[in-house]
Amino acid sequence: MATLAATEDHAIKGPAKAIQPTWVRIMHWINAVAIILMITSGWQIYNASPLFGFTFSRSITLGGWLAGGLLWHFAAMWLLMINGLAYLVTGFATRRFRKKLLPISPKGVLADLKAALTFRLGHDDLSTYNHVQRLLYAGIIVVGIVIVLSGLSIWKPVQLQYLTALFGGYDVARYVHFVCMSLICLFLIVHVVLAILVPKSLRAMIIGR
Amino acid sequence: MARKRSLLIPGVDKRLLIKDAMKAMPDLTRRRFITTGASLSALTLLTGCDVLDSDSAEQMLAQVSKFNDAVQSWIFNPNTLAPTYPESAITKPFPFNAYYDLDDAPEIDGKDWKLEVRGLVENKKSWTLDELYKLPQVKQITRLICVEGWSVIGSWTGTPLRDFLKLIGADTRAKYVWFQCADKDGYNSPLDMETALHPQTQMAFKFADEILPRAYGYPMRIRVPTKLGFKNPKYVVSMEVTNDYKGGYWEDQGYNSFSGS
Numbered sequence: 001m002a003t004l005a006a007t008e009d010h011a012i013k014g015p016a017k018a019i020q021p022t023w024v025r026i027m028h029w030i031n032a033v034a035i036i037l038m039i040t041s042g043w044q045i046y047n048a049s050p051l052f053g054f055t056f057s058r059s060i061t062l063g064g065w066l067a068g069g070l071l072w073h074f075a076a077m078w079l080l081m082i083n084g085l086a087y088l089v090t091g092f093a094t095r096r097f098r099k100k101l102l103p104i105s106p107k108g109v110l111a112d113l114k115a116a117l118t119f120r121l122g123h124d125d126l127s128t129y130n131h132v133q134r135l136l137y138a139g140i141i142v143v144g145i146v147i148v149l150s151g152l153s154i155w156k157p158v159q160l161q162y163l164t165a166l167f168g169g170y171d172v173a174r175y176v177h178f179v180c181m182s183l184i185c186l187f188l189i190v191h192v193v194l195a196i197l198v199p200k201s202l203r204a205m206i207i208g209r
Numbered sequence: 001m002a003r004k005r006s007l008l009i010p011g012v013d014k015r016l017l018i019k020d021a022m023k024a025m026p027d028l029t030r031r032r033f034i035t036t037g038a039s040l041s042a043l044t045l046l047t048g049c050d051v052l053d054s055d056s057a058e059q060m061l062a063q064v065s066k067f068n069d070a071v072q073s074w075i076f077n078p079n080t081l082a083p084t085y086p087e088s089a090i091t092k093p094f095p096f097n098a099y100y101d102l103d104d105a106p107e108i109d110g111k112d113w114k115l116e117v118r119g120l121v122e123n124k125k126s127w128t129l130d131e132l133y134k135l136p137q138v139k140q141i142t143r144l145i146c147v148e149g150w151s152v153i154g155s156w157t158g159t160p161l162r163d164f165l166k167l168i169g170a171d172t173r174a175k176y177v178w179f180q181c182a183d184k185d186g187y188n189s190p191l192d193m194e195t196a197l198h199p200q201t202q203m204a205f206k207f208a209d210e211i212l213p214r215a216y217g218y219p220m221r222i223r224v225p226t227k228l229g230f231k232n233p234k235y236v237v238s239m240e241v242t243n244d245y246k247g248g249y250w251e252d253q254g255y256n257s258f259s260g261s
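As given, the protein sequences belong to chains A and B, one line each in that order.
First residue of the first sequence? That's 1 in my numbering, and the numbers climb one at a time after it.
First residue of the second sequence? That's 1 in my numbering, and the numbers climb one at a time after it.
Hints should not be assumed to be uniformly reliable.
[To be verified] BS3-like, lysine-lysine: derived pairs with alpha carbons at most 27 Å apart:
(1) B:Lys-246 <-> B:Lys-139
(2) B:Lys-66 <-> A:Lys-156
(3) B:Lys-139 <-> A:Lys-156
If you are wondering where the hints come from, they were derived from the structure by calculation, not from laboratory data.
Isolated chain A (complex conformation) (with noise of 0.2 Å):
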């Protein structure tokens, strides 16, 4: 009887305010089109000239050819900057960063592991991230401008020369964009298989609620 009278009282007021802002779900997918279009891409140049004995399969890779690649690696790259930009501008004009992602402590992210790992973290209130989270979206944040900014000293190690030093010189820069690439690929599939996991999540990312 009590849970009856509950529904009806929850029902006068009304739809709930949404778990993800319109904003930041825009955002999410314009980014992850993007992320897809520099990652397959950017394995197309790579394989142009690998800097480990390996390739990737041309079924995964974006642009037919080294030329193809390199268009659609520079078309997308101002999707994701714009796009990117954006978020980083509006996140911490609004506050989310802060409200969201902190505090971060190593004491939470341990806690929230152990939980995580015998399945016995809530995922009852989606507005809120555990340490987990909190410490993988603030750190894929900073991966993410570490492989614009190290993108850009590969693209322009001339006019960007100091950039570029600060990276280590061209040729290390390439690593680390590299090794930012892979940061972001083993985030994606955290990110991906756990939003299966908790399928409400990807719908709150989709419709709000």
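Chain B: place on chain A using the hints.
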């Protein structure tokens, strides 16, 4: 937190409440979720098979590449010098690199060779190698970056292109200097005037203090430390000062035309 508290009702089990609320949620939201999901997968299908390979995508990419030419031209600072390196940094052995084997590289007889000068210049006389060797030369140790990603450091000696353009009375308000080469299939490449006038852009006649060997573009290579390697034509036979974009061997195949470093 305030929001959370207002949802708590005394005497009502929190978890049951949420379960109930979920049940009460109109079907519409669920349906919206599914349709959004469906359209997302439709997008990936489209991008995988249709959009990415279609002519419209290619046109879009070509447009963006032109836009990127303009952006790079804007970023290009004519006073910014490419970093230079000590002799000890020179890559050894320095690679031969072309779209053909070294055996197919042009074999040019320096005595017969002449540099043709065409287009918007006052003096269109051709130049012999001996005449060119008499011009003042400078040595630069710089990094050559290939469009493929790898890089090498080399030492090139030659005449600054801007000095030569001045000497022949070139109209430096023109947009391009277009180079033609002796490579098989006819290599050529346009160089924007701003870069042609950059102090480090040179007509290189020597590599590592020796007359340019066949592998590195004998008798003359245009060395542009502010551009990717393919914008550094070897085995040059003519230069034309022009306002027309005449395309280039790799540029026509899709490499970005400005390709500045």
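Against the structure, the hints come out as follows:
Between B:Lys-246 and B:Lys-139, the direct Cα distance comes to roughly 30 Å. Violation of the 27 Å bound is thereby established for this hinted pair. A hinted pair counts as satisfied when its Cα atoms are at most 27 Å apart, and B:Lys-66 with A:Lys-156 qualifies at roughly 17 Å. Between the alpha carbons of B:Lys-139 and A:Lys-156 the distance comes to roughly 23 Å, so the proposed pair stays at or under 27 Å and holds.
When the structure is compared with the earlier hints, a violation turns up for hint 1 alone.
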